[in-house]
Amino acid sequence: QKEVEQDPGPLSVPEGAIVSLNCTYSNSAFQYFMWYRQYSRKGPELLMYTYSSGNKEDGRFTAQVDKSSKYISLFIRDSQPSDSATYLCAIYNFNKFYFGSGTKLNVKP
Amino acid sequence: GAGVSQSPRYKVAKRGQDVALRCDPISGHVSLFWYQQALGQGPEFLTYFQNEAQLDKSGLPSDRFFAERPEGSVSTLKIQRTQQEDSAVYLCASSSPGQGTPEAFFGQGTRLTVV
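Chains as they are written, first to last, in the numbering used here: chain A, 1 to 109; chain B, 1001 to 1115.
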């Protein structure tokens, strides 16, 4: 079993839509949960991270962790064409980042 | 420097050829990671350095893969006798544990194609 599993997508939404991206993880001891965005032919860039459980908001982005169900979510409000990218959930544990397989998002103008 | 720099950006190797991929981390960053990303997949851990010490190499897929960071700054990932299954993007990341967060900054990667 992989440490983190991610809905593969792809996901196509109209501009302005609310986007929900999701992952599940295997080990209840994990504490650091991250979302990275990766544009084509670029390296991943950190969007936001959460320590332990709860919500974290940054502009149009909200990260949510539910430790009881081992579920990680990223919500994007008022999605823009510039949000079109692959989104990777990740867990950091003991000097390793474990990544999901990524969800490719396309926001249509 | 401004960010993590990797070179070359693209590398085409004939099967059986040796390759060396370079990573220049952000100045002062203690931690350095190498990841392998296959097409359509998330990055997979290869190895981790803290300064010059290679503390974890559990992700290296075979003894053909070797990484070093002799002076605790620039790192090189070497692949000997390349095989077609080695074709992937190799990502390097650096971070500074002292900052108190696990934020790692990734380079743009080296896309290796073995023909």
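It cannot be assumed that every hint is accurate.
Said to hold, decoys possible - Dumping the calculated SDA-like pairs for lysine to any residue here, alpha-carbon to alpha-carbon at most 25 Å:
1) A:K104 with B:E1103
2) A:K96 with A:I18
3) A:K96 with B:S1007
4) A:K104 with B:Q1108
5) B:K1014 with B:Q1050
6) B:K1011 with B:L1060
7) A:K96 with B:V1012
Claimed, not checked - Distance ranges between label pairs, derived from CB positions:
8) A:K56 with B:A1038: 36 to 42 Å
9) A:G59 with B:Q1080: 42 to 48 Å
10) B:L1039 with A:N95: 23 to 29 Å
11) B:G1040 with A:E15: 22 to 28 Å
These are calculated hints, taken from the structure and not from any lab test. The structure displayed is predicted, hence computed values, not measured ones. Idealized CB from N, CA, C, for every residue including glycine.
Verification of the supplied hints:
1. A distance of roughly 22 Å separates the Cα atoms of K104 of chain A and E1103 of chain B; the hinted pair therefore holds under the 25 Å criterion.
2. For the hint pairing K96 of chain A with I18 of chain A, the CA-to-CA distance comes to about 31 Å; that exceeds 25 Å, so the pair is violated.
3. For the hint pairing K96 of chain A with S1007 of chain B, the CA-to-CA distance comes to about 23 Å; that is within 25 Å, so the pair holds.
4. For the given pair, K104 of chain A sits about 18 Å from Q1108 of chain B by alpha-carbon distance, which is consistent with the 25 Å threshold.
5. Between K1014 of chain B and Q1050 of chain B the alpha-carbon distance is near 33 Å, which puts this suggested pair outside the 25 Å criterion.
6. With a CA separation close to 19 Å, the supplied pair K1011 of chain B and L1060 of chain B stays within the 25 Å bound.
7. With a CA separation close to 29 Å, the supplied pair K96 of chain A and V1012 of chain B exceeds the 25 Å bound.
8. In this structure, K56 of chain A and A1038 of chain B break the distance hint of 36 to 42 Å, their C-beta atoms being roughly 30 Å apart.
9. A C-beta distance of roughly 46 Å is found between G59 of chain A and Q1080 of chain B, which places it inside the suggested range of 42 to 48 Å.
10. Between L1039 of chain B and N95 of chain A the Cβ separation comes to about 26 Å, which falls inside the hinted range of 23 to 29 Å.
11. Checked against the hint of 22 to 28 Å, the C-beta distance between G1040 of chain B and E15 of chain A comes to roughly 25 Å, which is consistent with it.
Going down the numbered hints, you'll see the structure goes against 2, 5, 7, 8, while the others check out.
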